[in-house]
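J.: Single-letter residue listing:
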Amino acid sequence: MTIKRILILVPTLVILFLLQSYLWVPTYEEQTKGNPNRLHEYITASTGDATSLNPIISSNSTSSQIESLVFDSLLDRDEELRFRGRLATSWEISEEAYFYLNPHAVIHHAMTSDAGKTDAEGIVRILREARKRVTDLDPVLKATLNRIKKIMIIPPEKVVTTTHYKPAKEEKEEKEIEVIIQAPARIKLSLTEVDQDLFINLSKILGNDYFASFDGVQYLKTDPLVDKKRLAAYAKEYLPAIEHNPVIIFHLRPGVRFHDGHIFDAGDVRFTYEAIMDPKNLSPRTADYEPIKEVEVLDSLTVRIVYKRLYSPALGTWGMGILPEHILNQEALKKEAERLGKDPDKFSMRQSEFDRHPMGCGPFVFKEWKSDQFIDLDRFEDYWEGSPHYKRYVMRIIPDLLTQEMEFYAGTLDSYQVQPHQVERLKKDPRFQSFSGTSFGYTYIGYNMRRAPFNDVRVRRALGMAIDVNKIIDYVLYNQGERITGPFPKQTDYYDHKVQPLPYDPKGALDLLKEAGWLRNEEGWLEKDGKRLEFTLITNSGNDIRKAILAIAQDGWKQIGVNVRTDILEWSVFIQERVHKLDFDALILGWVMGIDPDLYQIWYSNQTHPYQLNFVGFENREADDLIIKIRQEYDFEKQVEFCHRLHKIIAREQPYTFLYVGKWTAVLDKRIVIKDFDEDGVMLYKKIKPTKTGDYTFHFNRWLKIPEMPQLLD
Amino acid sequence: MTNTQQTLESPLAPKQTRLEELWELFRQNRLAILGLIIFLFFLITAIIGVILTSGQDPVFDPAMIRLQEKLLPPLTRPNIETLQPAEIPTLGIYLLGTDDLGRDVFSRMLQGAWVSLTVGFVAVGISVLVGIFMGGIAGYFGQGHLRYDQIIISCVLITGGILLALGTTYTGVGLLVAGHIYIFFSIFSKKILARRTLPKWFNLLHRGAISIDTIIMRAVDIMLCFPTFFLILTVVALLPASMYNIMIVIGLTSWMGTTRFVRAEFLSLREQDFVTAAKALGVGHFRIIFRHMMPNAIAPVLVSSTIGIAMAILTEAGLSFLGFGVPPPHATWGNILSDGKRFIFDAPWLTFIPGIAILIVVLCFNLFGEGLRDALNPKLREKG
Amino acid sequence: MFSFIGRSIVQKIITLFFVSVVSFLIIHLAPGEPSQVDPMNPKFTPEMVERFQKEFHLDKPLYVQYLYFYRDLFTGKIVSWKDSQSVLTKIWERFLNSLPLFIVGTILTWTLSFPVGIRSAIFRGGIYDRSATFVSYLLISIPGFFFAYILIILVVTTLHVPVIGMETFGLGASSWGTTLMDRIWHLLIPSVLGATGGIAVLSRYVRSQMLEVEGQDYVRTAKAKGLPPEQVHYKHALRNALLPFVTMFGLILPGLIGGSVIIESIFSWPGMGRMAYEAILARDYPVILTVNFVAAVLVLVGTFISDLLYLVVDPRIRL
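Those protein sequence lines, which keep their order, are chains A, B and C. Under my numbering, the final residue of the first sequence carries the number 716; numbering is consecutive throughout. Under my numbering, the final residue of the second sequence carries the number 396; numbering is consecutive throughout. Under my numbering, the final residue of the third sequence carries the number 1424; numbering is consecutive throughout.
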């Protein structure tokens, strides 16, 4: 019967056809043998797709990983986390400081001849004299004075500006207002290096209230007239008594080319800055560059960047990829808009195709991006540091970790980020080499210090002591974590290793609680004034480790008689409804830190409002002071010292129970090695070694896969 | 099947009630019987499970964390020295091993059985209730027409409500009040103006516009336009995670089949003699619906609901996989399975135990449902 | 006939309108904000969040947002919030990726279901029928991702070949034959997984259709005439049993867009389902709503086609 035969034959053929395709697919071994090119390709994976490949727009990790290969920055960090020049060969940091002449202040310093009120020339004279008289000055002041390179007088001037303000909150329309500034003479000091104590030290000569008593209001007029408060605010804005203007001068590397052959120059640096600050681009990085006053191109290879105020993270922000001006400037964008048939006025970098076809001067050239599939890069033959050994770099998007692992085994991925419980097994595997290091993030339990009983440091400390953190590290993290005691990344010098973690001591915790007035009742629950010690601990869903910590904390606290309810919330609800609105008792969360020690947003006392990041409500004057000092200090040693002090305060106050910093482990095929040349120019293969900070990809540009398992080397 | 035929056709066979007859047919299907047995076993397990795992001091504590005992394979004895007396598992052995937090998988499976079952039952319960209600109305009252004025007024009321909710107070209240005044007026006017001739435009308003049946069936069409799993996922992902949301969402996205079925059934039943007779006797609508028509339409609905339960359990497992399943502390088989998949190489039992358990139970629901359907199908019954 | 078509088109457009309203409401009334602006990113200031809201019209009343959205959709200008890409282009790309999965899955479903279903109908109650029933229920009862993992692990650990994604990475410049076969291999497992449910359901349906037809008088007559049973089954019975399946062709259309979220995530297959899932995670409203809208259109077109096919195929129906 033909119909019957067809009915059986067709599916059989279909299945056979599908199955035979297996014979064509290469196995792990065949991939490199049959295709030598495979050795020159590096394939890695990420769980999430990139959002945009424009470094000033994107804000996720996959994007920045690709961007770091396609774009090059002025500088980056070396093995020891110190700055290292990339597109910039060197840089100088100096300062320009200003202060207004205060004609009403009376100067009566012992060592000055011009006592009494004085004009600008008088001040300059006093300072010059002081510089000469080195013998009897205290060393701090002496150091400050020695930094002064040049003193200049800016004559008085009249400036008229217009500004806007809202007369009242209810009114929507902003009013235009004219401010007339009749500025007095100003003195400009050029310093060889940044000195945040400059004016404190100078007041030793000029008198303690020389700067403080300067009143800008008298030099201001507005049209129409405004109230005193607003006038004072304008005075502060337009006539600040003192001003620090740190200056960075970058000397750029000559002869660096973008991937299209265009020469990189200082204009590109300025353009990158302007692009970030352009409100049309909605860049998430504006906060980093807002302190910049101006970016000045001195010549094609020198850029001078002047800051509005002391801002020590400044240098670090130039680790930003530099955009090619000739592709993205106004005319280019207008042309692109016309080509795409879009409104040129509304067309910004966000709409530009550059977003998905980036071009920089980094070691790899962008080739192709298929959403949710892969991003493909080719090496840049003209890279200024010599092109990488790998010819191709592919970032695959594989959302599921288990399938990533399977692809790694099948040989179609060259690296795999190991989950903690797999570390033991994969470290032993002879096919792979593994690397581990501490990450830059830490996990903590934060307490809402606005609410009782968390306003009592003894309670916070006791709660921390009741949790066995070592147990969390041992069992939940499979030893892939380290204890942490404070807010700085553990591998940086800012972290104070002398601070001891809280001991696991339920008995001690009970004593502390007793001191705070919490006693156990007959049922074993802690009680104070007839009220039980109970609260809700929350965290977000989708993170198994936090889920486990939740359970362990609940268990540990239950044992000392604290009644804890737990709740796991979906991320956006957790953040929007609970964290942002400050509606929580205690929560488990983590921070990913940058290397820079600026803690302003997370710990400063004016950041405690809804939607701000100091949601635990930590307020400590000493800490505030240190936080400001840290972000203003340009001297590394001093910064470290301040950080250690801040670390101690936070550890003492325990606004968080600091839990651990995670360790990551990555495995690579063992056949991947570093190809290098010794002094005589003889090629040799070296084993990949992580740097001190654990970064194993530091020498990525010199990596290569070799056909045979290496027998070498060290 | 020949046996059946003989018993059925034999004049000597004792007269059977419908139920007995059904059972007789059902018994022929061995797979279905197996399904029923396992289904009952599962039901009992779930009930015992909820008793043994809940309360202040449960016999099997599914939440007990023993980190030093994590990831032990099934049938391992606990290491008594490191455990406090309260932490030793009740059976003295980890029957199904422990998970990544050292929780006893057996206890968790016991607890999960009940939760999974609840999710399935409640979700399907909701869908069956909504389905029967909508289908019943469409089938029985379907020929009734909504009048233009009714539609306009409900539109006015709804817009008023929405505006009020959005903050446009005055217009909102205005519309609401106007709507209510009209309702009053029309009730009133029925009594007083009944005999008077009404103006033409008023009559036009009272003209029937659209039948109830059309409205309900269009609503079914609208719901069928959504890709079900995608819709469930969207809603569950956007709403805060909760077991109840999942049950309600699964329920509210799967009533369309039942509605269509009940409607068709009612449409044919309402033409039957016994319904006409009941109507003639002056029996009330609801009595006719629930006493006379429903029992004739319900059996197939129940069959499809057994399969529905199976599907709901699978859907929940799928949602768990994507991270939107029933949130802890409730253990379900779905979330035990999706939690366990990370450890598939290091602790395969965490994946295989719940996976196979779901497989077996869902299979039983399906086989049982299929057996019932076969037994109920008159066409297959006669001509076996 | 034409009046039927006209009426049905009008009806479908009305339905579509309601679908658009309902889906819009569901998404916009749910709590939480789009995570385009990651709320925990310390680099985002409240002003930026406000600016984004303006950009996305989130500060406007709901009905205005609705109008904006559908205006953009119909003029093809709709862009994703996540990456400012045109949504329609995105969907088209994903659709092309999902298409091979869909085609292979459909071929597997439709070619396998018929022989299996017919055979179990012919040998009703026999060992073959029972095991076919059992196996098909087994297939619908396995949690999809569990099954997928088992298959993947089996293949990778025993055969040592890659199965994830659309192709083997780093295959280099090989002949088109190899590339094609490689792609087919990568299609195999996900499409088999996608087809299992369909095979099980459809083969059951074929079986019951066959059983129904086999009970008809003309089949009995044919048997009584002494025709060989093969001929009775495959000629007389099958032809008539096929009738409802013709109309089902219209109903597979929605499967084009449904895809499977789970299978596509596991196999990192860049298809429709995964895009939709990721849009949900990021609360990328334009993408979610557009996918929903396109899905609804496909369902409606599918039912329309199947109605038409019914008209054409079944001579008894005349409208």
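Calculated from the structure, these hints are not laboratory results. Some hints here could point you the wrong way.
Simulated pairs of lysine-lysine, BS3-like, Cα-Cα distance not exceeding 27 angstroms [stated by the list, open to error]:
no., chain 1, residue 1, chain 2, residue 2
1, A, K694, A, K677
2, A, K344, C, K1330
3, A, K177, C, K1330
4, A, K119, A, K144
5, C, K1328, A, K6
6, C, K1182, A, K337
7, A, K177, A, K190
8, C, K1328, A, K348
9, C, K1159, A, K6
10, A, K530, A, K509
11, C, K1159, A, K336
12, C, K1330, A, K282
13, A, K206, A, K631
14, C, K1328, A, K344
15, A, K144, A, K177
16, A, K500, A, K310
17, C, K1328, A, K583
18, A, K223, A, K310
19, A, K672, A, K650
20, A, K134, A, K190
21, A, K429, A, K672
22, A, K688, A, K665
23, A, K348, C, K1330
24, C, K1328, A, K177
Quick caveat, the model's predicted, so the values are computed rather than measured.
J.: Just to be careful, I want the Cα atoms of K1159 (chain C) and K6 (chain A) compared with a cutoff of 27 angstroms; is the pair within it?
T.: Violated - the C-alpha atoms of K6 (chain A) and K1159 (chain C) are around 64 angstroms apart, more than 27 angstroms.
J.: Please verify whether K500 (chain A) and K310 (chain A) have alpha carbons no more than 27 angstroms apart.
T.: violated, 36 angstroms
J.: Sort out whether K509 (chain A) lies within 27 angstroms of K530 (chain A), counting only the CA atoms.
T.: Distance of about 18 angstroms is within 27 angstroms: holds.
J.: Does K1328 (chain C) pair with K583 (chain A) here, judged by a C-alpha cut-off of 27 angstroms?
T.: Violated, because 78 angstroms separates the two Cα atoms, which is more than 27 angstroms.
J.: When you check the alpha-carbon spacing of K206 (chain A) and K631 (chain A), does it fall within 27 angstroms?
T.: Holds, because 20 angstroms separates the two Cα atoms, which is no more than 27 angstroms.
J.: Verify the proposed pairing of K429 (chain A) with K672 (chain A), using a straight-line Cα cut of 27 angstroms.
T.: Cα-Cα ~11 angstroms, so holds.
J.: Hey, K672 (chain A) versus K650 (chain A), does the alpha-carbon distance stay inside 27 angstroms?
T.: Roughly 43 angstroms separates the two Cα atoms, so the pair is violated.
J.: Given the hint that K694 (chain A) pairs with K677 (chain A), does the C-alpha gap stay at or below 27 angstroms?
T.: Since the Cα atoms of K694 (chain A) and K677 (chain A) sit roughly 20 angstroms apart, the hinted pair holds (cutoff 27 angstroms).
J.: Is the Cα-Cα distance between K344 (chain A) and K1330 (chain C) 27 angstroms or less?
T.: With Cα atoms ~75 angstroms apart, K344 (chain A) and K1330 (chain C) exceed 27 angstroms; violated.
J.: Does K1182 (chain C) pair with K337 (chain A) here, judged by a C-alpha cut-off of 27 angstroms?
T.: holds, 20 angstroms
J.: Check the hint pairing K1328 (chain C) with K344 (chain A) against an upper bound of 27 angstroms on the C-alpha distance.
T.: The hint is violated at about 72 angstroms.
J.: Straight-line Cα separation of K348 (chain A) and K1330 (chain C) no greater than 27 angstroms?
T.: violated, 80 angstroms
Violated hints for the displayed structure, listed by number in ascending order: 2, 3, 7, 8, 9, 12, 14, 15, 16, 17, 19, 23 and 24.
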